[in-house]
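Student: Chains as they are written, first to last, in our numbering: chain A, 93 to 435; chain B, -15 to 438; chain C, 439 to 766; chain D, 169 to 513.
What the hints contain is simulated information worked out from the structure, not anything from laboratory work.
Accuracy of the hints is not assured; some may be wrong.
Only pairs whose alpha carbons sit at most 25 Å apart, straight line, appear in this in silico SDA-like list of lysine to any residue [stated by the list, open to error]:
id : chain 1 : residue 1 : chain 2 : residue 2
1  : B       : Lys98     : D       : Gln465
2  : D       : Lys310    : A       : His225
3  : D       : Lys310    : B       : Asn182
4  : B       : Lys298    : C       : Val733
5  : B       : Lys258    : C       : Phe743
6  : A       : Lys169    : D       : Asp388
7  : B       : Lys298    : B       : Ser215
8  : A       : Lys207    : D       : Phe260
9  : B       : Lys337    : B       : Lys351
10 : D       : Lys503    : C       : Arg548
11 : B       : Lys429    : B       : Gly355
12 : B       : Lys429    : C       : Phe743
13 : C       : Lys637    : C       : Met655
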Amino acid sequence: MSAVPIIEVDGVTMRFGGLVAVNDVSLMVDQGSITAVIGPNGAGKTTLFNAITGVYDPSAGRVLIAGKETVVPLDAKAWWSFAVFGISSAFLAAVFLHAEGLWLHAVTENYEYLKPFPWMKGIMDAAAYVIAHGGWAALVGGILGAAGRFAIWSRTRRTPEIVAESGVARTFQNIRLFPELSLAENVMVGMDRRMRAGFCASLLRLPSASLERRHAREEAARLIEFVGLGTKIDALARSLPYGHQRRLEIARALASRPSVVLLDEPAAGMNPTETVELMELIRRIQSTRTTVVLIEHHMRVVMGISEKIAVLDHGEKIAQGNPTEIRNDPRCIEAYLGKEDLG
Amino acid sequence: MTQAFARSSKQTFDRLSNPAGGHSHPSCASPRSNSLFLHLMKATMQRNTSTLLTSLTACALAIGTQTMQAQTSATPLPATIKIVSSLPRTGSANAQTTSMVNGIRMALTEVGGKVHGVEVLYEDWDDASPQRGNWDPAIEAANADKGIADSMVVAYIGTYNSGAAKVSMPKLNAAGLAMVSPGNTYPGLTKPGTGEANEPMVYRPSGSINYFRVVPTDDVQGFVAAEFAKSLNATKVFVLHDRELYGKGIADVFNASAKALGMEVVAFDGLDTKAANYKAIATKIKQSKAEVVFYGGTTQTNAAQLAKDLLAQKVDAKLIVPDGCFEEAFIKAAGANALEGRCFITFGGVEPKLLGGKGQVFYENYKRLYGKEPEAYAAYGYEAAKVVLTAMERAAEAGSLSRAAVLKEIAATKDFSGALGNWSFDANGDTTNKVMSVNTVKDGKFETVKVVGS
Amino acid sequence: MFEWFDSDVLLQQLLLGLSNGMIIALIALGYTMVYGIIELINFAHGDLFMLGSFLALTLVGVAMNCGIVDPELMGASSHWWLLGTLVLVCGVFCGGLNLCIDHFAYKPLRRASKLSQLVAAIGVSFIIVNVGLFWGGLPMDILGGGGAAAAPKDFPHLVSDTNLLGEESFVVMTWNDVVIFVVTIPLMIALTLFVKFTKLGMAMRATAQHATAARLMGVDVNKVIAATFAIGGFLGGAASVLYANYNSTVSFQMGFRAGMDAFTAAVLGGIGSLPGAMLGGLLIGLVRAMSDQYVGSEWTNVVVFSLLVLILIFRPTGLLGLKQREKV
Amino acid sequence: MSQSPSTVHRPAGLLSRGQCILFGALLALPLLELVFDLGISAPTRFVLGFAIVGIGLNVVVGFTGLLHLGIAAFMAIGAYAFAILTCTIYPFQIGFWPGLLAALLIGAVAGAFLGAPTLRLRGDYLAIVTLGFGEIVQDLLKNLELITKGTQGINPLPTPWFFGATFASDTPKSWYFLYLGILLACTMLVRNLEHSRIGRQWFAVREDELAARCMAIRPDRVKLTALAVGAGLAAVGGALLASLISSTGEPGNYDFQISILALCIVIVGGIGSLTGVIVGALVMVGMNSILLPMLGQKLQQAGIGTTTSVYLAPDNYKYLLFGLALVLMMRFKPKGIVAAKEEDH
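Extracted from the complex, chain A is given alone in its bound form (with noise of 0.2 Å):
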């Protein structure tokens, strides 16, 4: 085991408006284990987990994965992207605000009616008279290009997609699946991390992308079976019964081959039989060592497969522990489980 845990929670906070969902919680987990959070409605699980996978920005505090920091960091990257916007806003705003000039001088005055036109010396007319000319339109061009990218790079420096980027992948709550794709393409669209197809493969059918969808294709048939839904992989998701549907959930979080995977009440509206398959599941996920954290109210799902447990309250971290700890724990008993039979 590593000495980094894969996930670090480190006191981190959500407020809506007055609201506190989530305050001043940390929460470490360990590489290939499986973590539960538990807890009563609204205690701000989901939140958290909405925290940790980038959906939402916390108010404060920190999530690290495997030890790094997930957002876009001010460095030299993002300061060229900044670059690159400023500087090509300033062009655009010099050429379109000039554009009549401009055209005057490097095209009208070079061209006589039916003769060849005169390439370089159209091109360095043009040239010079931007420089003469564009000054502060690409001035102000420039800023607003520039600020105009800063605002958009600061609301976005933690994104779902660049947590997602490092390694973790999730379900959701209220399943969310893409209803008018087949369960196939679901699952592919969790490979498209891995995939390296371009643009041009793309549109021309080049062998190298026909071979990575037929790979892909084949993947993703075996996650399927794996995740237990049988072998129609060109039903649409939309057709499947609900069980089935948190199962494709899974299925295409595990396409991505996640270092960790966060459930949200997998087994929520799942019968006794489903839930007991389900636990297997996880279990089988684990196996291939990837880390799972998962929500769930189910506590025979919670106390049987999970190796470490965290309790949220209102929003709270009132305890941690292994679920023996935690069966003992006198504020959860208060808080939550006293109202539940643990089975």
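Fit chains B, C and D to the supplied structure of chain A, relying on the hints for placement.
Tutor: For chains B, C and D alone, kept in the frame of chain A given last:
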């Protein structure tokens, strides 16, 4: 069948025995007949009047076998031919084009729907689409193609919008189909040196001229407007246009003419023709202290709104607008108040009720037939159709109603005495008629202030 | 020639901007309300507004023909009661019509995709435009019609157009301007109060937040939607009378631009937000006037939309729109 | 490799069955004309041009779920780029095919550029911004008069050349086949994208943007690709239509109504379905430039509609018919004539 055959043969012999020869004569104008054979026969008769014997032979053969007959007559006149018009019938120009179509129908009715005994069909095509509410280049192009493909069509009356003409002109030119426009005033369509470097040759891929117009062009009109502004003792003029081919073109001419005449053009602005009002612009005009505002635009491009907003913002400047506003709709849209004594409308011609001679007859007939005053362009629709029909008559007399023959005769139109006066087509296909009038509104009606160039 | 700063001109343009903006805001409310409830961009709203103006025109024509008002006095004296009646009648007419349109065209599509509803709205807009064309062809003797069905029509001044600031003043302000504020501001206040405090208003807000939840809480969502269409239509109808009176023009094609301006205003202010629509309307009116004066009218559209894009880059949900947090 | 049942690997064909039938029918149309004098292959060329625009818009609206209301702007950009680069009054004169390629590229770049600021906007904000672009582009084309000739329109535009075929206004069939070929190529290429990783990303963003983002899909990049492809195809369509009438027409011709027409093509045909788009173009543009004119002509020949009353002229019912058709279509076939999944594979 036999009966019809017998009757038609009888008529044929009647014709043959008619001392007046082949020229159509009232007494032998046959009733509308659906027999192709009859028409073929008639055509044969008409063509070979001098050689009675040949005709007789042909006729005898024809009585023997119809097929033989068809082979023996070389290029007979067809039974029916078609003229079509392509005007924007859907949308805002509807009132004006309805009036033009009425004019065309009138011209046709006057010749009894026939030239030289050949039945002339007329079809009124729409070059506008409901999405655009205005002329649509795809529909205009499709109309041109349709006209070319239909071998019965010998003349194409249109278009109303100069932009539309730019689309169909090269097509029709390549096909050698004559085109007579009752409404295009953009000079570059015909006059070298007034438009782009490649105009008008670009519209004549075949090298010869197939496009004619019975309406004077904007370069004349813009100048007349500028002269009139000068006569109002204007020193500063404010020029606006609707950023469309027609409006911008005429505003350009006005702009240049006004400068040439020593007036100061304080601004040259394009309007947003869909705007709710022009009060902000009116304020700008008021601030500029211009005495005359020229708006290159039409009723459809909101000229009436401008007139109203000038009044609403208490701007004293006089407004001059071109003939795109010379229609009843303009007065109704602006309200007589906003125009009386404040607005002048130039027009390439004179208003229908002031037309002299045949024009007056046209005016009276139109009112009797349709129960209302003709719009300004009605006379041009009528005149265009008249020119085409007259040319067809001549072509038929000369023995052929082919497109080339009709085109040749239209081009040869000289000293044509029609509703618009006495005029000819010049070498570019433009009318020599340069009569221009400046009108104002009085008691809710147009009133001519000045006529130039007659 | 054009002094860059001329207080008279500036004042005049501000006034024009506000007057135009108020009308736009009133129409924008109709867009924003419908959008807030069922997320439909009601393309037909602008054209519905156009029909309202035609009704106003016809009623004025009837009033003139029946001798209720003297045509000679149009523009010279004010006919407050006529204007008031028209605002009410046209408002009710447009509200009722909007209700019918919703019932026949949109309601069957509630469960279909948003895009099918949008196309239905486009279709309705075409139908209304055609109805407007035919309405323009009615024999309204005084007001023009018949063959010139397609031409814009002159709408007589219902209130006096003498300059309230004195005949010598550069700045022109007439009862036409005043009447816009007199009608619009109370309507907006009433709407705000209605939505805030009445039961139906609360049901509307609840439906806008979450239709299914509202339904589960016993809100009759269909009734709420119908009410929204009716109120939006009423405001459009009221705006149509003000518009016709202010611009003194009615045309079957005027719905497009009015609708587009209003839609832009609604988005600028934050679609779904009532104060946003009002603010957006005023802003668009002002920007248009200023751009006409200082930039050039051919660039006005470019200025307005560039501003819109700029604002949306920095505030993606419009000026007063709430930051949308997706429920996960 | 052991091939298990066909379910594991089933590559999409170059064309779906529906597309094969459709293109077969389109190919047969001019042949039919040899027998019956329909005169419809000439106006059908416009249908083909609009179908390409529709396919482009379908990528944006149908595949990626972005409500785009300004596609006409990109037709205009395509037409004007093509015109400026090929017309003889301009110095460049690069010829038909290079011009078409340039129109594609310029359109795509413009689509990406104009799309960039809108990527973070929610669906309906995007709608108004694209609508705004539609208006701005028209205004720019009108106002930058030195470059675009303002309202003059640019003409003449070169006719296509294709291995000795003649393209004149009286040979509509060669145009027809060429445009059909280009449409076929566009359909196949877009179909390739549809069934590739790129297409899957589009669909994922359309179906659920947040879920897609949680699967490491970058929606900005995906949307930008879709906008560029859509704009590029619209530009090609615009250039082809311009070449067909040998003129760009006035900038005002590329207005909101055209964007709406394109949108109706996509939605009426069947959103998200390439077959549907082509059918939609046949229906919508066909109604516009074939059916309604033909109907008007027939009515005239029957002697109806010659009166001066506004209510009796058939032309005045066009808006009504068009609108009613849209409303009824949505009422009874809200997913369009060809629903997307019916034609898959």
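Student: For the pair we were handed, lysine 98 (chain B) and glutamine 465 (chain D), check the Cα-Cα distance against 25 Å.
Tutor: 20 Å, holds
Student: Straight-line Cα separation of lysine 637 (chain C) and methionine 655 (chain C) no greater than 25 Å?
Tutor: The hint holds at about 13 Å.
Student: Are the Cα positions of lysine 310 (chain D) and asparagine 182 (chain B) separated by 25 Å at most?
Tutor: It holds: about 20 Å lies between the C-alpha atoms, which stays within 25 Å.
Student: With a cut-off of 25 Å on the C-alpha distance, tell me whether lysine 310 (chain D) and histidine 225 (chain A) pass.
Tutor: Judged against 25 Å, a Cα distance of about 23 Å means the pair holds.
Student: Would you mind confirming whether the straight-line C-alpha gap from lysine 169 (chain A) to aspartate 388 (chain D) stays at or under 25 Å?
Tutor: Roughly 17 Å separates the two Cα atoms, so the pair holds.
Student: Quickly compare the C-alpha distance for lysine 298 (chain B) and serine 215 (chain B) to 25 Å and report which way the hint goes.
Tutor: 23 Å, holds
Student: Below or equal to 25 Å on CA atoms is what counts here, so check lysine 258 (chain B) against phenylalanine 743 (chain C).
Tutor: 16 Å, holds
Student: Take the C-alpha atoms of lysine 207 (chain A) and phenylalanine 260 (chain D), compute the straight-line distance between them, and say whether it is at most 25 Å.
Tutor: Given that 25 Å is the threshold and the Cα spacing comes to 10 Å, the pair holds.
Student: Holds or violated: lysine 429 (chain B) and phenylalanine 743 (chain C), Cα atoms, limit 25 Å.
Tutor: Cα-Cα ~41 Å, so violated.
Student: Given the hint that lysine 337 (chain B) pairs with lysine 351 (chain B), does the C-alpha gap stay at or below 25 Å?
Tutor: Holds, because 10 Å separates the two Cα atoms, which is no more than 25 Å.
Student: Check the hint pairing lysine 503 (chain D) with arginine 548 (chain C) against an upper bound of 25 Å on the C-alpha distance.
Tutor: It holds: about 13 Å lies between the C-alpha atoms, which stays within 25 Å.
Student: Does glycine 355 (chain B) sit within 25 Å of lysine 429 (chain B), going by the straight-line distance between their CA atoms?
Tutor: 17 Å, holds
In this structure, the one hint that does not hold is number 12.
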